[in-house]
Amino acid sequence: MTDMTTASPIAVPTARPRIRWNRVGDHAILIAGALFMLLPVLLTLTTSTFDNITIHRGGLQFAFGPDGFENYQKAMFEKGGFTKTVDGMRMMMNSLILGLGFAVGKIVISMMAAYAIVYFRFRFGTIAFWIIFTTLLLPLEVRILPSYEVVQNLGLLNTYTGLIVPLIASATGTFYFRQFFKSVPEELLEAARIDGAGPVNFFINILVPLSQTMIAAIFIIMFVYGWNQYLWPTLMTTDESMFTLVRGIKQIMQVWIGANIPDYGVAMALAIIAMTPPVLIVILFQSWFVKGLVESDK
Amino acid sequence: MAQVNIQSVNKVYANGFAAVKDVEVQIRDGEFVVLVGPSGCGKSTLLRMIAGLEDISSGEVAIGDRVVNDIDPAKRDIAMVFQNYALYPHMTVFDNMAYGLKNKGMKKGEIHTRITEAARMLQLDDHLTRKPRQLSGGQRQRVAMGRAIVREPKVFLFDEPLSNLDAKLRAHMRSELKELHRRLNATFVFVTHDQVEAMSLADRIVILNAGRIEQVGTPMELYHQPASLFVAEFIGSPAMNTVPLGTRLGGMLANTAGTLPAPAMTIGLRPEAILAGPAGGPGIKGHVAMAEALGAETVLHIEVPQGGTDTRLTTRVSGETRFTEGDELAITVDPSRVCWFDHEGRRIATEPATQPAPRKEPLPAE
Ligand SMILES: Nc1ncnc2c1ncn2[C@@H]1O[C@H](COP(=O)(O)OP(=O)(O)OP(=O)(O)O)[C@@H](O)[C@H]1O
Ligand SMILES: [Mg+2]
Chain A
1 MTDMTTASPI AVPTARPRIR WNRVGDHAIL IAGALFMLLP VLLTLTTSTF
51 DNITIHRGGL QFAFGPDGFE NYQKAMFEKG GFTKTVDGMR MMMNSLILGL
101 GFAVGKIVIS MMAAYAIVYF RFRFGTIAFW IIFTTLLLPL EVRILPSYEV
151 VQNLGLLNTY TGLIVPLIAS ATGTFYFRQF FKSVPEELLE AARIDGAGPV
201 NFFINILVPL SQTMIAAIFI IMFVYGWNQY LWPTLMTTDE SMFTLVRGIK
251 QIMQVWIGAN IPDYGVAMAL AIIAMTPPVL IVILFQSWFV KGLVESDK
Chain B
1001 MAQVNIQSVN KVYANGFAAV KDVEVQIRDG EFVVLVGPSG CGKSTLLRMI
1051 AGLEDISSGE VAIGDRVVND IDPAKRDIAM VFQNYALYPH MTVFDNMAYG
1101 LKNKGMKKGE IHTRITEAAR MLQLDDHLTR KPRQLSGGQR QRVAMGRAIV
1151 REPKVFLFDE PLSNLDAKLR AHMRSELKEL HRRLNATFVF VTHDQVEAMS
1201 LADRIVILNA GRIEQVGTPM ELYHQPASLF VAEFIGSPAM NTVPLGTRLG
1251 GMLANTAGTL PAPAMTIGLR PEAILAGPAG GPGIKGHVAM AEALGAETVL
1301 HIEVPQGGTD TRLTTRVSGE TRFTEGDELA ITVDPSRVCW FDHEGRRIAT
1351 EPATQPAPRK EPLPAE
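Line order of the protein sequences matches chains A and B. In this text, residue positions in the first sequence follow the numbering used here: the first is 1, and each later residue adds one. In this text, residue positions in the second sequence follow the numbering used here: the first is 1001, and each later residue adds one.
With the rest of the complex left out, here is chain B:
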């Protein structure tokens, strides 16, 4: 078990492209950290630098107390799970898991014990003699995890391991991963571009944008106190409503939201910060352009005709709502949930504006 210290790490590829810029994160022992961001933002590059598959152009990566910049991947005490599994196609499940251990010169008996143990944990007992091509996608993914587990590494690295699975299996594997993390009590670094995956798995999330860190924080911190417009728009589904104050709608919303901090340029409202009331009530007049019934809740897309150019807002109401498409309504804003952003898109800290929620789940006991 170990913490991972990433200090002002840069990556410049051979063609001169700077993929990772001045990244600085301290990952704690036993923490589940998710690297998230849009495609091409450098998540994989950063992960591969931790793994040792990619040279570090400048800066320092330390695993435990050891700087690993010049240490071979095999000797870094890490294990990695790849997006396309990267199983050895000609080896059985057992041999796939055993290969790394054999290379370490481990005794046969010990290899056998470890693999049996891991196979039991991952429900692979019956498949140990099969080849990867005889397994389903989910089973292959489990073998890849098994191969990582038997190494008993200090740090597990995952590069979008679930993105080749269908939605249902993905949700299932998500909970298995969470369970695995609790059980192994190891440090997990997980890359994904899916913010739902990030929110549901992470103790802490690192959001990257074009090679730079936008924000590091717990899922709830990121949701309620996004450091920038980029984070605000990336995290949360449906996305945050962000309206420039220069527009008519922006002005109307700012009026309902109350105190306006001086340098604010944009107002940000989570869907639940917009309250839909009956037509004729107080607030901004609009009508429902589209209602997405999701069961427990309904997402309303509201059109505000007097709002100028930018006239669409989304809000979340209970599934039992009476609003349907075409209905007139009046919207108000919950002033305690408003975010303000300055001209650079950074959030302006306002005192009562946010309510830091308690952690979703406590860190596993040491």
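So that you can see chain A by itself, here it is in the shape it has in the complex:
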């Protein structure tokens, strides 16, 4: 942990302040990169504050307009869709349930899998690990049809269970937790054994608290990943009250056609709304995550 702090070069005071051109160059590249990444988001934000006609006529807007409040209110609270049953709030709740269920489920499952692989000596442990590991290479889309088949046969279409459970097996999570558990000093396990801790006790009272930073990291990654799921919810949900935000944005452009002009402003507003929770989670957990990293030393 200490090398994290020592790695940053310490400015040595010199007699005359010199301009370090290579550092200026570094910063220029970083700033340019950040701007490049930020620009589409900024444009979405500014454009989301105009009415549909302006957007339709003038394209993307570079300054803030007068209709922001109206657009966001519409996006959040106006019932839309064919059935007029789903508003932004509802979709946001669905997204949250999916994101949280996805992240928490993945963490629970992968921690337990990693625990079994690292701490229990059973016959095919290593093989089991490598099988799990190779599925890392397969993207979700490869197994999406069989998964759909299973969920449909179980009658779980349009349910949260069907939305979440088929996705929570996590090779990535298992892999990270395995690496982390392997780095926990063996003496800790031995001390706990002498202290009379059984497997469950050791897991809950020692391993889980020690993994806090790892859990936070995986939580961030998995929550954002779950929140941004598009294909699976699209297949799984036909009932509009089950739509997630990411799914809903597209729906607006397709069906919320008032007059002949699509609801651009509202769709942009919804996109911004869809972006906010993951950003908040990252910001919130990151400070906690860094703190954990700095404080923990073995």
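I should point out that these hints are in silico values taken from the structure, not numbers from a laboratory. Check the hints yourself; a few may be wrong.
Stated by the list, open to error - Here are some, though not all, of the chain A residues that point toward chain B, as calculated from beta-carbon distances under 7 Å:
#: 1; residue: Glu187
#: 2; residue: Leu188
#: 3; residue: Glu190
#: 4; residue: Ala191
#: 5; residue: Arg193
#: 6; residue: Gly196
#: 7; residue: Ala197
#: 8; residue: Pro209
#: 9; residue: Leu210
The C-beta atom is built at its ideal place from N, Cα and C for all residues, glycine as well.
Position chain B with the ligands relative to chain A; hints supplied.
For chain B with the ligands alone, coordinates are given in the frame of chain A:
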């Protein structure tokens, strides 16, 4: 309180490596036994078999009257202190000590009493709410000991608990350990590779070499009557001078030492068995190649030019010595302190050769 009986214990690791071979020791109730030996000789393995952290391949370990081969570490009535402390980093000092007691289902009040008591004994009272990372190395080591003490075990096991500390703190902790042993009156088994630590702590020392016991005895027995060349060279600092009798120096020394037992192949002389006299006096001629002044005493490294290939000897003289580097001198040997070793490196018992010294410290009263 209990004795530990180790009977023809063997350890063969999964990869076929035999780390402990036919070890047989009876550790008495309340005894402070130190397992010592070079790195990789199987000290930790033996200790971990007593703790139950390692399976016993064959043989028997009994704690008290109970054979513990198949008993869980937690139920063996032992406590162990690890080299790197192995404290739970996310728990406070108090919780670290309380964890094992809670697992036993002990009442809160009793846990509290025990921890307060132990903390007072170890001067940890002010640190009970801290996390291990907020403590110094010495304090962490004390917490690890506190965690052992509150269990009130019959046997304490230590695996090189002092080797992560600096020299001064180590000496201090050594005396604290000794004091603790006196106070708790429990059986201590202590692993170290440092012979000074072994000599200063132990009632009895067990010297291991490549998984086998070389010798078991009090520090003074090991010092004065080493069973083998291995023990002779391992115990004592500066090390014993061992010279093969086949060399010219060996022959010269044997002549000065007097009676030579028939099968002897090597002569062993503790530094204090070599007496340095003024040049021109009787004895073997040499000169001081190096003088290490340690204050109370000075260690002289003596070069004997006519000695053939093996020409260096060390001796210990008073700190007020007049000898300095380059001085000529003549050395003689104290015949009562000579050790002889046979062709296998075992010591040949000779009657007047040794003077068993009294125990350094009596066993604690029962
Ligand atoms: N799990 C294992 N599998 C195979 N061999 C092992 C294992 N653990 C230890 N050994 C071997 O057994 C021997 C004894 O190991 P042990 O840890 O008891 O040594 P030690 O005397 O404690 O040494 P040190 O002073 O370095 O701690 C060593 O040669 C080591 O390589
Ligand atoms: Mg060891």
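Which of the stated hints cannot be reconciled with the structure, identified by number in ascending sequence? none
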